[in-house]
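Chain by chain, the residues:
There are 2 protein chains.
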Amino acid sequence: MKNKPIILVTNDDGIIAPGIRTLVHTMNSLGDVYVVAPNKPKSGIGHAITMDTVVYCDSVKIDNGIQKEWECSGTPVDCVKLAINHILPRKPDICVSGINHGSNSSINILYSGTISAVIEAGIEGIPSIGFSLLDFDWNADFEPSKKYVWKIVKKILHNPMEKGILSLNVNIPKLRKEEIRGIKICRQAEAKWKESFDQRYNPKGRAYYWLVGDFVNFDKESDTDEWALKNGYVSVVPIKFDFTDYSTLNILKSWNFILFIFFLKSSLF
Amino acid sequence: MKNKPIILVTNDDGIIAPGIRTLVHTMNSLGDVYVVAPNKPKSGIGHAITMDTVVYCDSVKIDNGIQKEWECSGTPVDCVKLAINHILPRKPDICVSGINHGSNSSINILYSGTISAVIEAGIEGIPSIGFSLLDFDWNADFEPSKKYVWKIVKKILHNPMEKGILSLNVNIPKLRKEEIRGIKICRQAEAKWKESFDQRYNPKGRAYYWLVGDFVNFDKESDTDEWALKNGYVSVVPIKFDFTDYSTLNILKSWNFILFIFFLKSSLF
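Same order as they appear, the protein sequences are chains W and C.
Going by this note's numbering, the first sequence opens with residue 1, and the numbers climb by one from there.
Going by this note's numbering, the second sequence opens with residue 1, and the numbers climb by one from there.
Rather than coming from a laboratory, the hints here were simulated on the basis of the structure.
Some hints here could point you the wrong way.
Since the list can't tell identical chains apart, any single copy or any two copies may satisfy a pair.
The calculated lysine-lysine pairs, modelled on DSSO-like cross-linking and capped at a C-alpha distance of 30 Å, are [unchecked claim]: (1) Lys253 to Lys4; (2) Lys194 to Lys147; (3) Lys253 to Lys147; (4) Lys4 to Lys194; (5) Lys204 to Lys155; (6) Lys146 to Lys253.
Assemble the whole structure, with the sequences as input and the hints as a guide.
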């Protein structure tokens, strides 16, 4: 790479979150940094886009860093779309998202705005990495993360990606620097949230609900992100955006819907 | 199935949309129908969940059908979570979502609240199907869809799903009944939106943006949902919620991050 790389930075915790501030400052040593991030927290927003209303996106100065920054009223996916199509001087060399305050391992990938931004950049053919620290605290210690963030981004920037390796989901355990055992390449663990709804009543007596839940990992294998994180490693899961379940395509094809429709000729329709 | 099946119905166009009304009335002949759907349109909301505020969910009567209905202030995924964990008498036998006003083929799966509801039910181990008609019009003609919706749901209800076949993304072409050529089992086409932002200024002179875009299909193979729909078929894509890109796991493992970290010992950190 002869010219300085262009690095797009976004997140879902909002542009002033300590996690993205750490990411921005770490990226400043690797390229020209453009931050386009939500103007307020958008956790759990998934791959939402803004279609029925307008989006504001204003140039801002958050700190004394050399990066250029825009805060956006939309979602993390809106931020990536706006950055690529409107704000950046050219397609970025990489898009990094985070550092998220809290885990985006396993199934959390689906709910996470941080990772949706990464997937959106991947769809555009841009190498992209989501970083998350397993600590929800606003004042989480991002210091031990910096080394891994810097090294993984540098590695990806200097290795033009083979077709298909575009997006990575990186989670970092909540440990002291010397306790982290290294990096593990993993698959997404089979896990889910076991939810309940806390029912309350507003002052007028109308019922409302708070979503509460516990994360449950059913996957006991040692090649998953959950295993890696539990055992002190930084987990790296390559991700893609083809939802097709190829393993079941042939089973479905054998069902012969046409024959089934023939048998149902005398039915309701 | 000895007892009458319990059918959960939701969507992202809102509980009064003609698409979900068609789906509800079609399902009433197949089981006990519980509708838990957003109280207003939530298109493009993806897999968003409501975490930072409360959710209202009230019993309503929309028409004279025999179904039971609740309208919810949250997202389609919230609706599924609330239905399963709080409203339904037991885990439903199937969850159907739609009929969406507009396509959810190919990459649209990521942005669609309709399909996110289907994926959420799949995570809970519930067979689930998303239905979409390729017509954005509020007054779209859902009549030709009814036959296919009924037959696919009946087929799934009477075939206990093998492990892994849980969720289907069904799209229906905008054609007259006699023009639809049948059902095709497909994979998700490689396609994306080519976007731009329409920049305008509000009355106070502040710039804002409208997202506009064109759908571009790069995939010229004949085994995709886009091909099926273009050629007059109802497309059925089995979907899953493991984002791991298994094809690139080994390439990444060969990168040897540990060695890389060794070489960078004298670096920034």
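Treating 30 Å as the Cα threshold, decide for Lys253 and Lys147: within, between, both or neither.
between (49 Å within a copy, 19 Å between copies)
Is it within a copy, between copies, both, or neither that the alpha carbon of Lys194 lies no farther than 30 Å from that of Lys147?
Neither: 34 Å inside a copy, 36 Å across copies.
State whether the alpha carbon distance between Lys146 and Lys253 is at most 30 Å within one copy, between copies, both, or neither.
between (49 Å within a copy, 21 Å between copies)
Checking an output row: Lys204 and Lys155, CA cutoff 30 Å. Within, between, both or neither?
The answer is neither: 57 Å in one copy and 46 Å across copies each exceed 30 Å.
Within, between, both or neither: how does the pair Lys253, Lys4 come out at a Cα-Cα threshold of 30 Å?
Close across copies (27 Å), not inside one copy (50 Å); limit 30 Å.
Can you give me the call for Lys4 and Lys194, within, between, both or neither, at a CA distance of at most 30 Å?
between (46 Å within a copy, 26 Å between copies)
Hint check: violations occur at hints 2, 5; the rest are consistent with the structure.
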